[in-house]
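Q: We have chain G; now place chain A onto it with these hints.
Chains as they are written, first to last, in numbering that gives the first Met the number 0: chain G, 0 to 354; chain A, 0 to 404.
Worth double-checking, as some hints may not be accurate.
Claimed, not checked - Some chain G residues flagged as far from chain A (calculated, every beta-carbon gap over 12 Å): (1) W75; (2) R94; (3) Q106; (4) S111; (5) T279; (6) P281; (7) R299; (8) R317; (9) Q335; (10) S344; (11) Y345; (12) R347.
Unchecked claim - Pairs of lysine-lysine, DSBU-like flavour, derived with a Cα cap of 30 Å: (13) K91/G x K131/G; (14) K308/G x K322/G; (15) K290/A x K7/G; (16) K208/G x K131/G; (17) K91/G x K290/A; (18) K66/A x K77/A.
Derived by calculation from the structure, the hints in this document are not laboratory data. We put the beta carbon where it would ideally sit given N, CA and C, even for glycine.
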Amino acid sequence: MTDKPLLKIEDLAVSFPTSGSLDHRVRAVNGLNLSIYPRQTLAIVGESGCGKSVSALSTLQLIPTPPGRYDQGRIWWDADGQPCDLLSLSEKEIRRVRGNQIAMIFQEPMTSLNPVYTIGEQILEAILIHQKTRRAQARQIATQALTDVGIADPHARLDEYPHQLSGGMRQRVMIAMALACQPRLLLADEPTTALDVTIQAQILELLRKLQRERGMSVLLITHDLGVVAENADTVAVMYAGRIVEYGSVHDIFSQPLHPYTRGLLASMPVLGKRHERLTTIPGSVPNPADFPSGCPFHPRCVDMKDDPKCTADDPPLREIHEKHWAACWHTPGHNQAQTTTPDLSYRRPEAAPVV
Amino acid sequence: MTNATTTAPQTPSPAPPAAESRNWLVRTAADTVSRLGAKIGLTCIALIVFCAVFAPLLASSHPLLIKLDNQWSSPMLKHLTPTDVILLVAFVTAVITATLRRVNPTRRAWVFFAVTLIAVPLAVVFVNPPRAIVYEQYREAQAADRVEFVLRAPIPYSPIDRLRDQFDPDQPHPRPPSAQHPLGTERNGSDILSRMIHASRIALAVGFIAEGLALVIGVTIGGLMGYFAGPVDLFGMRLVEIFRSIPQIYLLLTFVAFFGRNLYLIMVIIGLTSWVGYALFTRAEFLRLRKQDFVQAAIACGLPLRSILFRHMLPNGMAPILVNISFGIASAILAESVLSFLGLGVIDEPSWGEMLNQAVSAGGGFYWWLATFRGLAIFLTVFSYNMVGEAVRDAIDPHLQRTPT
Numbered sequence: 000m001t002d003k004p005l006l007k008i009e010d011l012a013v014s015f016p017t018s019g020s021l022d023h024r025v026r027a028v029n030g031l032n033l034s035i036y037p038r039q040t041l042a043i044v045g046e047s048g049c050g051k052s053v054s055a056l057s058t059l060q061l062i063p064t065p066p067g068r069y070d071q072g073r074i075w076w077d078a079d080g081q082p083c084d085l086l087s088l089s090e091k092e093i094r095r096v097r098g099n100q101i102a103m104i105f106q107e108p109m110t111s112l113n114p115v116y117t118i119g120e121q122i123l124e125a126i127l128i129h130q131k132t133r134r135a136q137a138r139q140i141a142t143q144a145l146t147d148v149g150i151a152d153p154h155a156r157l158d159e160y161p162h163q164l165s166g167g168m169r170q171r172v173m174i175a176m177a178l179a180c181q182p183r184l185l186l187a188d189e190p191t192t193a194l195d196v197t198i199q200a201q202i203l204e205l206l207r208k209l210q211r212e213r214g215m216s217v218l219l220i221t222h223d224l225g226v227v228a229e230n231a232d233t234v235a236v237m238y239a240g241r242i243v244e245y246g247s248v249h250d251i252f253s254q255p256l257h258p259y260t261r262g263l264l265a266s267m268p269v270l271g272k273r274h275e276r277l278t279t280i281p282g283s284v285p286n287p288a289d290f291p292s293g294c295p296f297h298p299r300c301v302d303m304k305d306d307p308k309c310t311a312d313d314p315p316l317r318e319i320h321e322k323h324w325a326a327c328w329h330t331p332g333h334n335q336a337q338t339t340t341p342d343l344s345y346r347r348p349e350a351a352p353v354v
Numbered sequence: 000m001t002n003a004t005t006t007a008p009q010t011p012s013p014a015p016p017a018a019e020s021r022n023w024l025v026r027t028a029a030d031t032v033s034r035l036g037a038k039i040g041l042t043c044i045a046l047i048v049f050c051a052v053f054a055p056l057l058a059s060s061h062p063l064l065i066k067l068d069n070q071w072s073s074p075m076l077k078h079l080t081p082t083d084v085i086l087l088v089a090f091v092t093a094v095i096t097a098t099l100r101r102v103n104p105t106r107r108a109w110v111f112f113a114v115t116l117i118a119v120p121l122a123v124v125f126v127n128p129p130r131a132i133v134y135e136q137y138r139e140a141q142a143a144d145r146v147e148f149v150l151r152a153p154i155p156y157s158p159i160d161r162l163r164d165q166f167d168p169d170q171p172h173p174r175p176p177s178a179q180h181p182l183g184t185e186r187n188g189s190d191i192l193s194r195m196i197h198a199s200r201i202a203l204a205v206g207f208i209a210e211g212l213a214l215v216i217g218v219t220i221g222g223l224m225g226y227f228a229g230p231v232d233l234f235g236m237r238l239v240e241i242f243r244s245i246p247q248i249y250l251l252l253t254f255v256a257f258f259g260r261n262l263y264l265i266m267v268i269i270g271l272t273s274w275v276g277y278a279l280f281t282r283a284e285f286l287r288l289r290k291q292d293f294v295q296a297a298i299a300c301g302l303p304l305r306s307i308l309f310r311h312m313l314p315n316g317m318a319p320i321l322v323n324i325s326f327g328i329a330s331a332i333l334a335e336s337v338l339s340f341l342g343l344g345v346i347d348e349p350s351w352g353e354m355l356n357q358a359v360s361a362g363g364g365f366y367w368w369l370a371t372f373r374g375l376a377i378f379l380t381v382f383s384y385n386m387v388g389e390a391v392r393d394a395i396d397p398h399l400q401r402t403p404t
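For reference, chain G alone in the conformation it holds in the complex (with noise of 0.2 Å):
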């Protein structure tokens, strides 16, 4: 069985200009390589600012250039056996796949709707955006995808407006409207975030039912590693713009190499457990108009001990185990590993608990 990639990004890069200066330019993400397989959930971790959400965007030319600007990279999509890169698309084209195959859903659901059209005209509007279909069908369509979603009475609630629903509803509403047309890719930037736990894990259930339902792959964006262990299938771990550790749900949280992986994993709450307090990362993300020189995670690492290795190079992201990428110099056997492109296909399976 050929297991093609359905979204493979190439080193991608895309840079800001910092406040006041028009010539010098910040990378938001820099040298970025990820592969999406078709059903898969990949995670991209981190804290805010790595470029998470950086990178979702550019998969839809939604970075608005100027002041962005892709600097390098290619993103490869899988349009029906061909690839194309998204990034050469022309507004026209790219159009086409916005909402149509590579559908977005976003962190805020109480202001991602429109205020002043309902539920049932947003929906339509997409809907008949990229399909030829009679109003009357799509009217059909969107109340599927509102039952599908979960949604007690779709019909009564096409016609209302989003300020009628709570917060829960009009995410589910949200992930109705990106997936009406059936998009191969769901992009959800922190869809949980702003909800309340209960309704995060009826929201994360929805969205495994329906990835199921309909082979889709999701590419799922979030800091939660909580979100993260009952999820997603691979995980990348960013830090400032780049991947510092790549591999399978198990690899990651069984076996984490990277120390900002592990100082991650550490400041989780750990139900039962009793804690004096919660173990956090000293320092923050680094502004990415100042980034330290080598390693940029070298100034909040607890394994660096002064090696001077990593305050003057930044580490390549090398295949430490079959399948397992991290970048740190002080990763056993981060010296004797093969620099390769992270590409991983696993898919967990279905309904198998991970920690």
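A: Then chain A, alone, in the frame of chain G:
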């Protein structure tokens, strides 16, 4: 697909009151109309619209219905101009479409515009009133006892029906208000009330056409500036500055001097010089909206630019533009009045400003009725639009507590 009930949401959705399930624009409109100021303003505007539409029925020297030499006829209908017909058709269509409550409002608006647009060329081609108008014929016929039945308009004088009794030495014109001429006459003998009713058309037309033009230009330019920002905004702002620095009245005077008195030219120039306000408001709103999540979501859905700008952003940034519209109409009417008052407006059609001019240039004393009524009409119209504008602003502004009316 699996059954929906398995994952039915546990969260109870708040049962919305019926009044809430309406569009924001509809809610704002309802809130606006419920205010006292808007009620007064809209009543005045409705009155002006009524006068403008039914002017030939309200004030005309031609009898509405007459039996002359045993023949029934309606000279009024025969003398309807294309403008009269277009206005009547538009009014009737508006009334009909407004009553069709079950059809979607956008579609109703389209029907109205389509019918009106079709009516314009048809009226121009097929409505041919007689060129030579003899106002005296019916009065003479009546005097000669040839008329068996006549139904006249409430004010039986056309605006330029001047020669009736101009040379009556006992009663020189202008005459003060009397039973025959409720608001008096002008120096050349025409009835003031009749002229004022007919002049309401120009006031309305200037307001709507000039501001309509300004609105379209301003919203388009401002929308593009706000949405694209950056260099487009930079260029657009310079354009705005250029247009803002043009003094409207002097430009109007110059154009009238070169191209003669033309009402449409005046409207176009007022429109071309007053779009700046709309552009600035729209730009500000769009700059605020372009980073909103729902706009980003609309882009991510693959919607075309046209839809994003005008379907998704414009209704959300409508508030300051709506307020500006009524104030803009008021100032356009005022600009035309000023121009006519200076004697540079239209000549062949009555206009309030031009009539005010006569009060000054009549000579031989101050005739109060020449100035008072037209001045009052201009004042009331501008005042009404301002009242409506204030009401819209109050209805939109969330910081202002709704005042009980």
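Q: Each hint: holds or not?
A: Here is what the structure says about each hint:
no. : hint            : verdict
1   : W75             : holds, 20 Å
2   : R94             : violated, 5 Å
3   : Q106            : violated, 8 Å
4   : S111            : violated, 4 Å
5   : T279            : holds, 30 Å
6   : P281            : holds, 33 Å
7   : R299            : holds, 31 Å
8   : R317            : holds, 35 Å
9   : Q335            : holds, 43 Å
10  : S344            : holds, 27 Å
11  : Y345            : holds, 26 Å
12  : R347            : holds, 21 Å
13  : K91/G x K131/G  : holds, 17 Å
14  : K308/G x K322/G : holds, 25 Å
15  : K290/A x K7/G   : holds, 28 Å
16  : K208/G x K131/G : holds, 27 Å
17  : K91/G x K290/A  : holds, 21 Å
18  : K66/A x K77/A   : holds, 15 Å
Comparing the model with each numbered hint stated earlier shows that hints 2, 3 and 4 do not hold.
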